[in-house]
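So the sequences go chain by chain: H and L.
So the first sequence is numbered by the numbering used here: it starts at 1 and just counts up by one.
So the second sequence is numbered by the numbering used here: it starts at 270 and just counts up by one.
If you are wondering where the hints come from, they were derived from the structure by calculation, not from laboratory data.
Treat the hints with care, since some could be wrong.
[Claimed, not checked] Straight-line C-alpha distance at most 27 Å; calculated DSSO-like pairs for lysine-lysine:
id	chain 1	residue 1	chain 2	residue 2
1	L	K470	L	K505
2	H	K121	H	K21
3	L	K536	H	K115
4	L	K536	L	K318
5	L	K536	H	K121
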Amino acid sequence: MDEVFRLEGVGFSYAGRPALKGVGFAVRQGDSLAVLGANGSGKSTLLKILDGLVFPEAGSVTFAGQPLVEAALQGAFQRSFRSRVGFVFAEPDSQLFCPTVREELSFGPLQLGMKPQDVQKRVSELLEMLGITALGDRAPYTLSGGEKKKAAIGAVLAVNPEVLLLDEPTNGLDPRTQVWLYELLEALKGAGKTIIMATHDLSLVQDLSDRAIVLGEDHSIAADRPALEALRDKDLLLRANIIHEHAHRHGDIIHRHSHGPYSIHDEHD
Amino acid sequence: MTLPDWMKGPSIEPSGACVGGRQGFVDRSLKGFASFFKKVYIAESFSAKDAFLQRLEPRASLAGFFFLILGAALSGSWVFILSLLFFTTGLSVITKVGVGPLLRRTLPAAVFTLLLAVPSAFSFVTPGAPLVELGGLTITSEGVRTAFFFVLRVSSMAALASLAALTTTHSGFFRGLGRLVPAFFVTALFFTFRYALILVKTAEEAALARKSRTICGSGVMEGQGWSASRAAFILKRSLSMADEISMAMASRGFDGHVRLNPAGSFKAFDFIWIFIASFFFFLSLGF
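With the sequences and hints as input, model every part of the structure.
In structure tokens form, the structure reads like this:
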């Protein structure tokens, strides 16, 4: 399979505070990659770098073999890159800026030069697929959290990108919408899309991702291995502050187990 | 985790000097402003009604209102301005908005204009035949007429603008405007509206958070200090939101040129409305 992204020695900081240090990995077409890490470990920054929204201070990033630098992101390469890579932001309010949901979904395809009648057809189909046809003429700021998330995902899917970057996709969603999102991502994965998501939701990683990159609290890569292998490595997850160990007593037995959205395993002393 | 001793006991009663959770001036003002903003700019109850103006294509509706507002700005005739005010009042009834809601939205502009127009009633701004002497200052009949006409003109323009906003959905308003003026201005206007919403929401949430932890009532000075610190926080948050939104736009292919969906086609009623409005506009040139 073709290589989509390659990062080598990537470093980034916010006003002198490091966000990423010496990050390097490659992503191939069709990969399903999870980026795990504690709050502030640099997950969101990494996704923004992959989407060409911010640019590294050190190291290099290539997309399909071409350097992903600010000067290159214009003209034909910009249009090709934006149509092939979609980014779902953690906070849907940041992503929804059009007067209606329908226009929100039309925005990307129109900017990329699709014919208006084709855009309308695509948007209607997408609204139906997402189950939000009734919300088409509503203003995004009047929607509930789950509806906003659906609209934000729809806005990105409207371009039909080959690579999907998702920042905390299940954050703030109710259980039913989480299941809906999981089914959608599974279908997209089945359709051969490359999925890169930054998340704390370890059960989503278990169900969906083939590979996991764990960012340590020092903002560098602590591990890059198959997802299930990373999830079984309790020490790694504890070190990266993704889970927390808790011990309590049941009579004479000391019961230790991890705390977090995903329980690794139990131990008894 | 070990709790400190004070946390294990019951909560203490507020001291005797405590006034109680009375709502301060700053809280009341903020609440009032948020409620006004929502009522005037967010509520879409009128634009959702099935009536004449609401059925129009947004471009036609806005073009008509543009002609009427322009007519009000250009005319120097009392008869024309008063006729326009009556026409707007009639429209508010036909469109099921009602005179009351329209008046509530127009009145602040009228009162503000009146305050601005007061000096022009005096002889040092508008010389003319003396009407009343007030502590050494003379109010002239020409001055009163000028001030009153100015207030009437601005009120009629404000009433028309309010009716346009009330009878058009937000999406229709921006879509319609996008076909009449350069897209850049519409984008800028839309973002202003969007940020204003975020600012109001953030300010309201901050006020509620403060209220939930307020046991004793706070003084005006303390309230003002808190508002100043919140203003800085809200500004910072809106700047960060602006950054995120521009990134989201770039991510979806925005390159500085907004491309919009094509507009719908005009129907007979759209042409009738534009004809009526342009008739008023041409009348204003003659008066």
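Consistency of the hints with the structure:
1. K470(L) / K505(L): Roughly 14 Å separates the two Cα atoms, so the pair holds.
2. K121(H) / K21(H): 44 Å, violated
3. K536(L) / K115(H): Judged against 27 Å, a Cα distance of about 24 Å means the pair holds.
4. K536(L) / K318(L): 19 Å, holds
5. K536(L) / K121(H): 23 Å, holds
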